[in-house]
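Chemist: What follows is the residue order along each chain.
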Amino acid sequence: MNELLNLILGALLVLNLLLVSASRLRHCIKLVAIQGVLLGLLPLACAHPADGHTWQFLLVMFLSLIIKGGLLPYLLLYTTRRINVRRELEPVVGYSLSLLIILALTGGAFWLGSVVPTAVAHGASPLVLPAALSTISTGLFLMVTRRKAITQVMGFLIFENGVSIFGTGMMIHNGLLVELGLLLDIFALVFIMGIAVFNINRSFRHIDTHSLNALGD
Amino acid sequence: MPQNPFFWWAGLLAALLLAPLLLGVINKTKACFVGRQGPSLLQPYYNLHKLFRRGCIRTTVSCGPLAWAPGIELSALLLAVLFLPYANQLSPFAFAGDAFFFAYLLGLGRFALIIGALDTGSSFEGMGASREVQFSALTEGALFAVIGFLAFASRSLNLSEMLSCPLPSNIPTVIAAVILAAGIAFIIMLVENCRVPFDDPETHLELTMIHEAMILDYSGPDLGFILYSAALKLWLMTALVVLMLLPGDLAPPGVLFILHLLGIFLGGVVIGAIEAVSARFRFLKLPQFLLGALCTALIALALTVIGTGGGLQ
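Chains as they are written, first to last, in the working numbering: chain L, 60 to 276; chain Z, 599 to 911.
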């Protein structure tokens, strides 16, 4: 079994805990960048069949390293600087409770990983499914419980990272093509969201999404 | 794995004699990092020698525990010393379940100190005791998660076998899990021994003290006992981390013994470096951080469980 792969997946699991307990925006963005880098290194650690597609793996790896590890976090940082957002996150659910909830969700992910039979049959690491599901639920959880528009973008990014972990780790056939498409989507989305957040900020002087609930049409 | 009891006894002797030296190494590293010359490596021994020659003054309002606490703590730690497999040699005193005995001996020592601190009736000591209890309640969960991980990985309840067995080859995710668990054990060691990101052993302000606030009223040999037990505890917990990282089939016992000592002093250097470059956390942050450590330890446990083919059946 591939040790490097398991190390990366273990690190991703711990990263989820760090993400929900991070209280500062910049720190949170840095963690997302680290997640992107780890995700980029994932194809390198996977044992894939020697059928001459190595260059494809390398291409996806470099693209996701550059985009998820560098470009997107930089965009997020740039937006936070531009709109002078308050540095502290304002969580709806407290940090310690968030940790416990994520722990419970991770436990559920491990349980699902042991139930779903594909993991073992596929020859993939038994850790892939738990790590992917845990990251996906972390992303969703962050989207729900953090009030800033920018943390919702981050939550979406983490969610998408989880999907990529699943695709890369399970070595899904033709997954790379899907991966590239997703990468493009997410890049466009963060770009658009950055502009949207900037505009929300200009009209409301803050990016607290709670005030958007009261909007009528 | 070849066994040589001679190296275990040598390891025990090293723990008893060199424990204060580890404190000296930490202080020296810290001084080097900030560009001072620092106290001599042997300074902790001089301090102990000075304290043991002095008379002992105890407050008159105490009803007893103040006087017993240092003795109880020292004897609990002297017992705990017997159960670690130094240099990966099985301890002759080991029995099934001694991991729990070990953990609760450390707990007993802490309990004695806390009772002693409450006995003085000083508000600072009460505050220190309260903080100590709060943080140790959280670290205990993490410590037992780590012990659970070790028990599961080595299929044994015996601390010696847990820490000295070779890396179990039937668990595919074991390296990731061991690294996680050893990291958590290192954090537990920092909290239990009041090292920097969690507590500052050199603070002079009672309001910010945790461990130091509890021993304000001790003097002379009593204080010497407490300081020596603290040094012993630091040695034990560092040895625990080193033993987790060194698999038992790495080298012959003699080489392992040297690696063991080198690892512990390297641990001292790492602690000193952390203390030199980082500030302590806010008190409010600590419970959250410790909870995170507990969660990570549980993940390490989950990694082992999943590796063995899924399930606790």
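Simulated from the structure, these hints should not be mistaken for laboratory data.
By construction, the Cβ of each residue, glycine as well, lies at the ideal position given by its N, Cα and C atoms.
It is possible that some hints are incorrect.
Okay, the calculated bits of chain L under chain Z, using three or more residues with CB under 8 Å as the criterion [stated by the list, open to error]:
{"no.": "1", "stretch": "88-98"}
{"no.": "2", "stretch": "132-140"}
{"no.": "3", "stretch": "185-195"}
{"no.": "4", "stretch": "241-248"}
In silico SDA-like pairs for lysine to any residue, Cα to Cα no more than 20 Å straight-line [as the list claims (entries may be wrong)]:
{"no.": "5", "chain 1": "Z", "residue 1": "K883", "chain 2": "L", "residue 2": "V151"}
{"no.": "6", "chain 1": "L", "residue 1": "K89", "chain 2": "L", "residue 2": "M202"}
{"no.": "7", "chain 1": "Z", "residue 1": "K883", "chain 2": "L", "residue 2": "E149"}
{"no.": "8", "chain 1": "Z", "residue 1": "K883", "chain 2": "L", "residue 2": "L159"}
{"no.": "9", "chain 1": "Z", "residue 1": "K883", "chain 2": "L", "residue 2": "L171"}
{"no.": "10", "chain 1": "Z", "residue 1": "K626", "chain 2": "Z", "residue 2": "V875"}
{"no.": "11", "chain 1": "Z", "residue 1": "K883", "chain 2": "L", "residue 2": "S155"}
To list a few chain Z residues with every Cβ distance to chain L over 12 Å, as calculated [stated by the list, open to error]:
{"no.": "12", "residue": "G705"}
{"no.": "13", "residue": "E738"}
{"no.": "14", "residue": "L778"}
{"no.": "15", "residue": "C792"}
{"no.": "16", "residue": "P795"}
{"no.": "17", "residue": "D798"}
{"no.": "18", "residue": "V867"}
Chemist: For each hint, tell me whether it holds in the structure or not.
Modeler: Evaluated hints:
Here the stretch 88-98 of chain L counts 0 residues with a CB under 8 Å from a CB of chain Z, which misses the bar of 3, and the coverage is violated. Counting residues of the stretch 132-140 of chain L whose beta carbon lies closer than 8 Å to any beta carbon of chain Z gives 0, which falls below the threshold of three, so the coverage claim is violated. With 3 residues having a beta carbon nearer than 8 Å to a beta carbon of chain Z, the stretch 185-195 of chain L meets the requirement of three or more and the stated coverage holds. With 0 residues having a beta carbon nearer than 8 Å to a beta carbon of chain Z, the stretch 241-248 of chain L misses the requirement of three or more and the stated coverage is violated.
A threshold of 20 Å between alpha carbons decides the hint, and for K883(Z) with V151(L) the separation of about 18 Å falls inside it, so the pair holds. Straight-line distance between C-alpha atoms of K89(L) and M202(L) comes to about 17 Å, which keeps the hinted pair within the 20 Å bound. With a CA separation close to 16 Å, the supplied pair K883(Z) and E149(L) stays within the 20 Å bound. At most 20 Å may separate the alpha-carbon atoms for a hinted pair to count; K883(Z) and L159(L) meet this at roughly 15 Å.
Annotation: proposed proximity of K883(Z) to L171(L) is violated, straight-line Cα distance about 32 Å (limit 20 Å). This hinted pair checks out: K626(Z) and V875(Z) have alpha carbons roughly 14 Å apart, not beyond 20 Å. Pair hint K883(Z) plus S155(L) holds up; C-alpha atoms about 10 Å apart against a cutoff of 20 Å. A cut-off of 12 Å between C-beta atoms confirms that G705(Z) is not in contact with chain L; the least separation is 23 Å.
Every Cβ of chain L is farther than 12 Å from the Cβ of E738(Z); the closest lies at roughly 17 Å, confirming the non-interface assignment. Here L778(Z) does not stay apart from chain L, with its beta-carbon only about 6 Å from theirs, under the 12 Å limit. Distance to chain L confirms C792(Z) as a non-interface residue, since its nearest Cβ pair spans about 22 Å, more than 12 Å. With a closest Cβ-Cβ approach of about 15 Å to chain L, P795(Z) is found to remain outside the 12 Å limit, as its non-interface label requires.
With a closest Cβ-Cβ approach of about 22 Å to chain L, D798(Z) is found to remain outside the 12 Å limit, as its non-interface label requires. Residue-level check passed: V867(Z) sits 25 Å from the nearest beta carbon of chain L, beyond 12 Å.
Violated hints, listed in ascending order, are 1, 2, 4, 9 and 14; each of the other numbered hints is respected by the structure.
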